[in-house]
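Enquirer: Please assemble the complex out of the two chains, which come individually in their own frames, going by the hints.
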Amino acid sequence: MELTINGKKEIIDKGKLTVGILLKLKDIQMPEMVSVELNGEIIDRKDYDKIELQNSDIIEFLYFMGGGNYGN
Amino acid sequence: MNFTEEQIIRYSRNIILREVGGEGQRRLLESKVLVIGAGGLGSPILLYLAAAGVGTLGIIDSDVVDLSNLQRQIIHFTPDINIPKVDSAKSKIKQLNPDVNVITYKVRLSSKNIVEIIKDYDFIIDGTDNFPTKFLVNDACVMNNKPFSHAGILRFEGQTFTYTPGNMCYRCIFNEPPPKGVVPTCSEAGILGAVAGVIGTIQAVEALKYILQNGDLLTNKLLTFNALTTQFREIKLNRNENCPVCGKSPTIKELQDYEQPVCELKL
Ligand SMILES: [Zn+2]
Numbered sequence: 001m002e003l004t005i006n007g008k009k010e011i012i013d014k015g016k017l018t019v020g021i022l023l024k025l026k027d028i029q030m031p032e033m034v035s036v037e038l039n040g041e042i043i044d045r046k047d048y049d050k051i052e053l054q055n056s057d058i059i060e061f062l063y064f065m066g067g068g069n070y071g072n
Numbered sequence: 001m002n003f004t005e006e007q008i009i010r011y012s013r014n015i016i017l018r019e020v021g022g023e024g025q026r027r028l029l030e031s032k033v034l035v036i037g038a039g040g041l042g043s044p045i046l047l048y049l050a051a052a053g054v055g056t057l058g059i060i061d062s063d064v065v066d067l068s069n070l071q072r073q074i075i076h077f078t079p080d081i082n083i084p085k086v087d088s089a090k091s092k093i094k095q096l097n098p099d100v101n102v103i104t105y106k107v108r109l110s111s112k113n114i115v116e117i118i119k120d121y122d123f124i125i126d127g128t129d130n131f132p133t134k135f136l137v138n139d140a141c142v143m144n145n146k147p148f149s150h151a152g153i154l155r156f157e158g159q160t161f162t163y164t165p166g167n168m169c170y171r172c173i174f175n176e177p178p179p180k181g182v183v184p185t186c187s188e189a190g191i192l193g194a195v196a197g198v199i200g201t202i203q204a205v206e207a208l209k210y211i212l213q214n215g216d217l218l219t220n221k222l223l224t225f226n227a228l229t230t231q232f233r234e235i236k237l238n239r240n241e242n243c244p245v246c247g248k249s250p251t252i253k254e255l256q257d258y259e260q261p262v263c264e265l266k267l
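Line by line, the protein sequences are chains A and H. Those letters in the first sequence? Residues 1 to 72, by full-length UniProt numbering. Those letters in the second sequence? Residues 1 to 267, by full-length UniProt numbering.
Derived by calculation from the structure, the hints in this document are not laboratory data. Fair warning: this is a prediction, and the values are worked out from it, not measured in the lab. Don't be surprised by glycine CBs; every beta carbon is placed ideally from N, CA and C. Heads up, a few of these hints could be off.
As the list claims (entries may be wrong) - Below, computed lysine-lysine pairings styled on DSS-like, alpha-carbon distance capped at 27 angstroms:
1) A:Lys24 / H:Lys236
2) A:Lys46 / A:Lys26
3) A:Lys46 / H:Lys253
4) A:Lys8 / H:Lys92
5) H:Lys92 / A:Lys9
6) H:Lys221 / A:Lys26
7) A:Lys9 / H:Lys253
8) A:Lys46 / H:Lys92
9) A:Lys50 / H:Lys248
10) H:Lys180 / H:Lys119
11) A:Lys50 / H:Lys236
Claimed, not checked - Pulled from the structure, derived: some chain A residues nowhere near chain H, Cβ distances all over 10 angstroms:
12) Ile5
13) Gly7
14) Ile11
15) Val19
16) Leu25
17) Arg45
18) Asp57
19) Met65
So that you can see chain H by itself, here it is in the shape it has in the complex (with noise of 0.2 angstroms):
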């Protein structure tokens, strides 16, 4: 692959890093990441990949915009209002960088769908926001080898990790969702926008050091941030080899569909 002119001026300050190169854009454009979720954490990820020359992005995602949703998707605009969130992302992706080939997925992900989608893509970034669809990427990604970043948000905090095939996966943590009725209601839960930023645009940086296969990764250790304390944390994990999915004996062997808690913002 020739670099065009523009795409030197584009990529100028990518090239000028020795991690980077002529060679590691070269990776960068002809690599695939898959983004779940066009949100919170969605938004700073799909904008600095797209800037960065990620060659083809996917995105996943059933909802439309909603004017709750601006305060912290800043991928998303107020004339987008009721407009897919794929559709939404994809355009500001083309005005952004026209290089990006950009692959909508407007669906809800199931154990039915994740395997076909996941397979053609090299690093997938969970962006989603409830417990079900975290725990049925994580098994899917675990159950067929490929590399995910994690990451939930809460309030103030936000907490990452990375996961790459032999290392500690979602479940060696936390076991299984947790139960129904101890989910924190909506109108107790909330996210600080910026907080989203802060967790998605790490996410980002470890999909592109993996595509770049430069640093250290995430992996076997789980990142948290407090915005309140402007604190970060690594705490170190093991693989645990109890996990229900990728432990000694697993007794996960197919995907399963949890149920989601259905919730009603009352202000």
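One chain only, chain A, in its complex shape (with noise of 0.2 angstroms):
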């Protein structure tokens, strides 16, 4: 099945795919530090394995970012 995941076109086959295991597959480390946006819509976190991706679909990874530095 064909994705786009952050803007760049890519060919997966894994049979079921999950949200989830895709975090996984794309070596996420940490996931809590990331939003997924799948068709324009972000999902919510418990959703995660839940949500089987089709052909087709977007998916935006967006991170956290806060400072160069935190507290000072």
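Expert: If you want it as structure tokens, here you go:
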């Protein structure tokens, strides 16, 4: 199946592919620092393992960014 | 308001722009912008807004200038070390453009004082470096119908969007601050100073466009910048109906203060 992930087209053939599995596949080290947008909608963290991706889905991983340092 | 001869010369490159003109310059001189944080993002924001003739600039920062700040916080110079950042920034702004009325707040922003401070301003800019303040600024601005510019930077990357009432807010993307354990530690963080310059300058442009009521703002989209690949991306985002602060049935109705993870940078 063809997905668009952060603007890049990718072919992933893994059979059943949930958002949770994709996060692992993409080796996202700290999923807590990422929000996932699927076809224009932010999806709830608790649905990551429920939502199955479909051919031509558009996925964005949005990263938490603070500042260059914390505190000072 | 009539321009002085000096103002006509000072702002001539603004006034000559069809989208600004005398009317736009007057608007800038009458506008009030609040910049939260006089650091890596706040430095270029303050300098560009002061140079453009934004009439009133509020600056919030509770810190003093540290040697390690000078790598990216370009409004502060070496002789300013140990001076409060708000005072250092004010003195540069006054030297750059004496027209600007600078109001300084040497305080830590909290749920107790934020509403009182933001209420006097037309546009608010988040130039802070921590999540608790970013969420506080978002919630206070959404609840009080104040437009603001958000930005975050990390290593070689940055992101920014603009909120105006009715559009997507920070919590539409990020429900709540990341759990404390997973926030990268200082030694892992780091930031290329010029990346703060790129993102802060975009925030300044957003404020100017908002005041001038010209062009398209970064609303309902997140602009991301990767300095290593020199790529800008614009990610379309919708207002989230499950957003805890601006959604259909908001669960956050009062401002709250989140705890700031403590971190000491060890080299
Ligand atoms: Zn929202």
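Enquirer: Hints first: check each against the structure and report whether it holds.
Expert: Checked hints:
Of the pairs offered as hints, the one joining Lys24 (chain A) and Lys236 (chain H) holds, with about 24 angstroms between alpha carbons and a cut-off of 27 angstroms not exceeded. Restraint check for Lys46 (chain A) and Lys26 (chain A): satisfied, since their Cα atoms lie roughly 19 angstroms apart, inside the 27 angstroms limit. A threshold of 27 angstroms between alpha carbons decides the hint, and for Lys46 (chain A) with Lys253 (chain H) the separation of about 23 angstroms falls inside it, so the pair holds. Only pairs whose Cα atoms come within 27 angstroms are accepted, and Lys8 (chain A) paired with Lys92 (chain H) is rejected, the gap being roughly 44 angstroms.
With a C-alpha separation of about 48 angstroms, the suggested pair Lys92 (chain H) and Lys9 (chain A) falls outside the 27 angstroms cut-off, and the hint is violated. Proposed proximity of Lys221 (chain H) and Lys26 (chain A) is supported: the alpha carbons are some 24 angstroms apart, at most 27 angstroms. The straight-line distance between the Cα atoms of Lys9 (chain A) and Lys253 (chain H) is roughly 41 angstroms, outside the 27 angstroms bound, and the hint therefore fails. A threshold of 27 angstroms between alpha carbons decides the hint, and for Lys46 (chain A) with Lys92 (chain H) the separation of about 49 angstroms lies outside it, so the pair is violated.
Straight-line distance between C-alpha atoms of Lys50 (chain A) and Lys248 (chain H) comes to about 23 angstroms, which keeps the hinted pair within the 27 angstroms bound. Restraint check: the Cα-Cα separation between Lys180 (chain H) and Lys119 (chain H) comes to about 31 angstroms, which exceeds 27 angstroms; the hinted pair is violated. Between Lys50 (chain A) and Lys236 (chain H), the direct Cα distance comes to roughly 24 angstroms. Compliance with the 27 angstroms bound is thereby established for this hinted pair. At roughly 12 angstroms from the closest C-beta of chain H, the C-beta of Ile5 (chain A) stays outside 10 angstroms, upholding its exclusion from the interface.
Taking the minimum C-beta to C-beta distance to chain H, about 6 angstroms, the non-interface status of Gly7 (chain A) is violated against the 10 angstroms cut. No beta-carbon of chain H is positioned within 10 angstroms of the beta-carbon of Ile11 (chain A); the least distance is around 21 angstroms. The Cβ of Val19 (chain A) lies farther than 10 angstroms from every Cβ of chain H, with a closest approach of about 15 angstroms, so its non-interface assignment holds. Listed as a non-interface residue, Leu25 (chain A) keeps its Cβ farther than 10 angstroms from every Cβ of chain H; the least gap is roughly 20 angstroms.
Taking the minimum C-beta to C-beta distance to chain H, about 7 angstroms, the non-interface status of Arg45 (chain A) is violated against the 10 angstroms cut. Against the 10 angstroms criterion, Asp57 (chain A) stays outside the reach of chain H, whose nearest CB is about 15 angstroms from its own CB. Against the 10 angstroms criterion, Met65 (chain A) falls within the reach of chain H, whose nearest CB is about 3 angstroms from its own CB.
Of the numbered hints listed earlier, those contradicted by the structure are 4, 5, 7, 8, 10, 13, 17, 19.
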